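Peer 1: Take a look at the letters that make up each chain.
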Amino acid sequence: MNKTQLVVIGAGPGGYAAAFAAADLGMNVTAIDLDKNPGGVCLYRGCIPSKALLHVAKLLNETKEAAHWGIEFDAPKINLDKLREWKSSVVGKMTGGLGVLAKQRKINYIQGRATFTSSKTLKIDKVDGTTEELEFEKAIIAIGSEITTIPAFNIESKRLLNSTSALDLPAIPQRLLVIGGGYIGLELGSVYNALGSKVSVIEMTPGLLPGADRDLVQHLSKMITAKFEKIMLESKVISLEDKEDGILVKMQDKNGNPFEEKYDYVLASIGRRPNTKGLGLENTKVKTTQRGFIAVNKQLQTDDPNIFAIGDIAGDPMLAHKASHEARVAVETIAGHRTAFEPLAIPAVVFTDPELCWAGITETEAREKGIKHEVAKFPWAASGRATTLDRTDGLTKLIIDPDNGRILGVGICGPGAGELIAEGTLAIEMGATAEDLKLTIHPHPTLSETVMEAAEVFYGQSVHIYRPKRK
Amino acid sequence: MSNEFKLPELGENITSAVVSKVLIKAGDTVKEDQSVIEIETDKATIEVPSSVSGKVKEVFAKEGGQLNIGAVVFSLEGEAQSAPAVEETKETPVSETPAPAKTETKAPVATSTEAPKVTGGIKDVLLPELGENITSAIVSKVLFKVGDVIAIDTPLLEIETDKATIEVPSTVSGKVVEILVKDGGKADVGKAFMKIQGDDTVKSAPAPVQSTKPAAQVSEPVVVDTPVESKYVRTTMDELVVMNEELKSPVMTAEPPRAFMEMQPPLQSKSAPAAPSVRRLARELGVDINQVPGSGIGGRISIEDIKAYVKKLNEGRITLSPSSYPQSGFVNIKQEALPDFSKFGEIERKAMSNIRSKTAEHLSYAWATVPHVTQFDKADITNIEEMRKTFAPVVQKAGGKLTMTSILVKVVTAALKQFPQFNASVDMGKKEIVYKKYFNIGIAVDTEYGLMVPVLKNTDKMNLTQISVEINNLSEKARNKKAGIDDLQGGCFSISNLGGIGGTYFTPIVNTPEVAILGVSRSQLEPVYIDGNFVPRNMLPLSLSYDHRLVDGADAIRFLRFISETLENPFKLLVEG
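If you read the protein sequences in the order shown, they are chains Y and D.
Note that the first sequence covers residues 6 to 476 in our numbering.
Note that the second sequence covers residues 25 to 601 in our numbering.
Derived by calculation from the structure, the hints in this document are not laboratory data.
Computed from a predicted model, the values in this text were never measured in an experiment.
Treat the hints with care, as some may be off.
For the chain D half of the interface with chain Y, some residues (derived, Cβ under 7 Å), not all of them [as the list claims (entries may be wrong)]:
(1) Pro-297
(2) Ala-298
(3) Ala-299
(4) Ser-301
(5) Glu-308
(6) Lys-506
Note that CB positions come from ideal geometry on N, CA and C, so glycine has one too.
For reference, chain Y alone in the conformation it holds in the complex:
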């Protein structure tokens, strides 16, 4: 039986980060993944392809907005095959690069699916049809999550998309229904909307992006409501029925009244769930939570001391950057370092237009938990840069501990907000105070000034808005 010091199961942003870090520390590493190269959902079927398409969407939207500035373009001609090809080339470049990096680090990369046969051994069903047994000293499970499906919606239809098939751009539907008002649905809905589809969203809860502060979501809702065909809140889908020219969707509105509509395509984006099936965890001492996540401690160690778990499979939030940070902690723990996964903030970004992002606590959470806080907001209407972009539909807000001025949370909505949140995350991690942000010179004219000015608002001294500090 082959032996390895460390086996990493799954080579997404958590798994490949773990494998690379371990190899750099001198460990003998085997990485197992079904795809040809490392990358996982993030690179193959998630973050990267969706952002490539969202970039295109942004361009298309801006050509329309340009009319407002006196510049008009003809309707764009969209070559879907070429667009798909370009998106695939982006993915190919990234994953291919990772494959090279893995080789350079002398990582034994096996294309296949691993199943634990004990706390020390694995069986690998390789893509080429052969199987291999592997004995390991330590294992890191980084197998990720899969798309949540609802059996009642599982109709055999090429018109029913999920977040993976939607990225393959099968067509530009006339009318698209997005089930679920979460970030995946809104991002993909935005892409199709920009490409020319009439997009509707149906969401159970009373608002889009449940959990986010409403004052941030409001900017996004306003934009989406204007662009999309229809936003149906507090409504739900009863059934889907495949018809020759579309899918007939039976729904129920917020008053409980049933209604139906026909869409060319339906995109179900309900959520993701941990991918523990078939891992053979029953042959180890690894325990899972009720929701199917693998239970880990702060060192990402499972109940089986030889086995670690990181990324989506180890719990929320299911975000690539959380996974790669956890990867480092797990590998360092294996290497004998004293370390722990203890971030003060994990930034979350919704790449819609405008982008919406968050780090640290939300105002809603602070209020619900009775955490002493003050909110300082800087509306982008007062930002010079936002005005030059003709995009004043943004807001930067800070959640501040009034006792010491420390930044507890940062929320930003607006175009490019995803880049700005990094400063907020750093501020929280550094234990920075609003004063620190205020006293840091920010370049003018940029959107980053809104962070500084929000801090100034806290002290009642913002240059560009007048809001005296409450006594």
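Given chain Y's structure and the hints, the job is docking chain D onto it.
Peer 2: Same frame as chain Y, but now just chain D:
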């Protein structure tokens, strides 16, 4: 205006302080800016000036007690006023006016400052002009609830216009009786958004008061009688689960998933203000960063703070550096945790006597800092024992007791003259050797309080009788707790004679900063091979421990040989002593 003085904000992160001194007492007349208490914070001792003036009724701060920020320091008699006005009232009337009269005035004053008077009828409050061309706005947040008493300038609504988020301050004061808008709802400029039971005297409000019913003017009048906050029910994926279940989906399990934006790490509001790299270092060093005092602004913790804290922690365990010998370097030894002895049987804990704890400390220090070597030898004392017995009565007459110890003092003194490196100390700090030109010998005495080492001074100037008498005196003093500091310090060399009790050899610990100690055990008759025959001789076991930093092995054995030979042939004392 207040009739109390509360502990004001003292600085960032300071939530309480220890009162080190109270500078006022009941009946005192306090002026604004007069220091009233002295407090100690983590950072400094501060005098706290009063912000009120008047006659002190009761002082609540106690010396040595803890005061939280905002706690009442003292109360004033009668109507307190701030600053200038008080100057007049205070000087004359305070002392003359009887206290009760003033107490009565207290109540209404307080009410009027804390809450606007609630009188008069119910009125509408209208949404003021928000800006050019703005006729309506989205209410992003209602900042008050029914029953709240609001004052002029209290922020009431947060509204979103096309341009910006604006807070709408109140132009009136009174008690809120009805709210006509809701979070996320629309409000029209010039139309009522709430009703208050107001103070009729407030006439300056810019919004014209209307008597018509506002309900008709507002699209969706809603009476909110629960706190507004509760409107934002956490709308999460929990509900999505419910939906899934309704759709007969078995995929999701019972543990409620959290929605995307809520998946933040738990807030550690008390978490130390430190950069991630600093927190990582603390973890690696096994330090709870929340315990580390930060030296930066707002208690910010630096890498240096962590290092200083770790150093302090280590020193706080056992510090083996008696302050008397700081030049000898220091040793940090971690105190091992003691097991719970009572698990194994009955125990009794007693406080260490001072002398025991000092002995422990000093010997630990000596043991840890002095590189010890012990050299053994035997001296044939057959002849000198005979002589001792012969001369004992002479000494006894003088009030002393001629013992082997007194003889050894004499012999050692001679040896020290011969080998000056034994009458010396090490100064590692200065890299110097201190040679002593005087001869003081310490004698270890076993007392019921513990080990004591009285010192015989100038033994080179004493004969055996004087030495014997002096040993007697000092031992008595030590046993009767009469030994003074002078009797216990200034030693050059120590002798520990356990021969009276027994034993063969032992390894005494050098009484640093001395550099050697002679251990004496019980003499025994032994067969000694002399001139082709074994003859019984009285042999005395000697153990010499020395500080190898200064004394080398060859010197030590020469020193010890000198002692043995002198004991064997005391005439040496006359020749070389």
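Peer 1: Failing hints, ascending?
Peer 2: As far as the earlier hints go, 4, 6 are violated by this structure, in ascending order.
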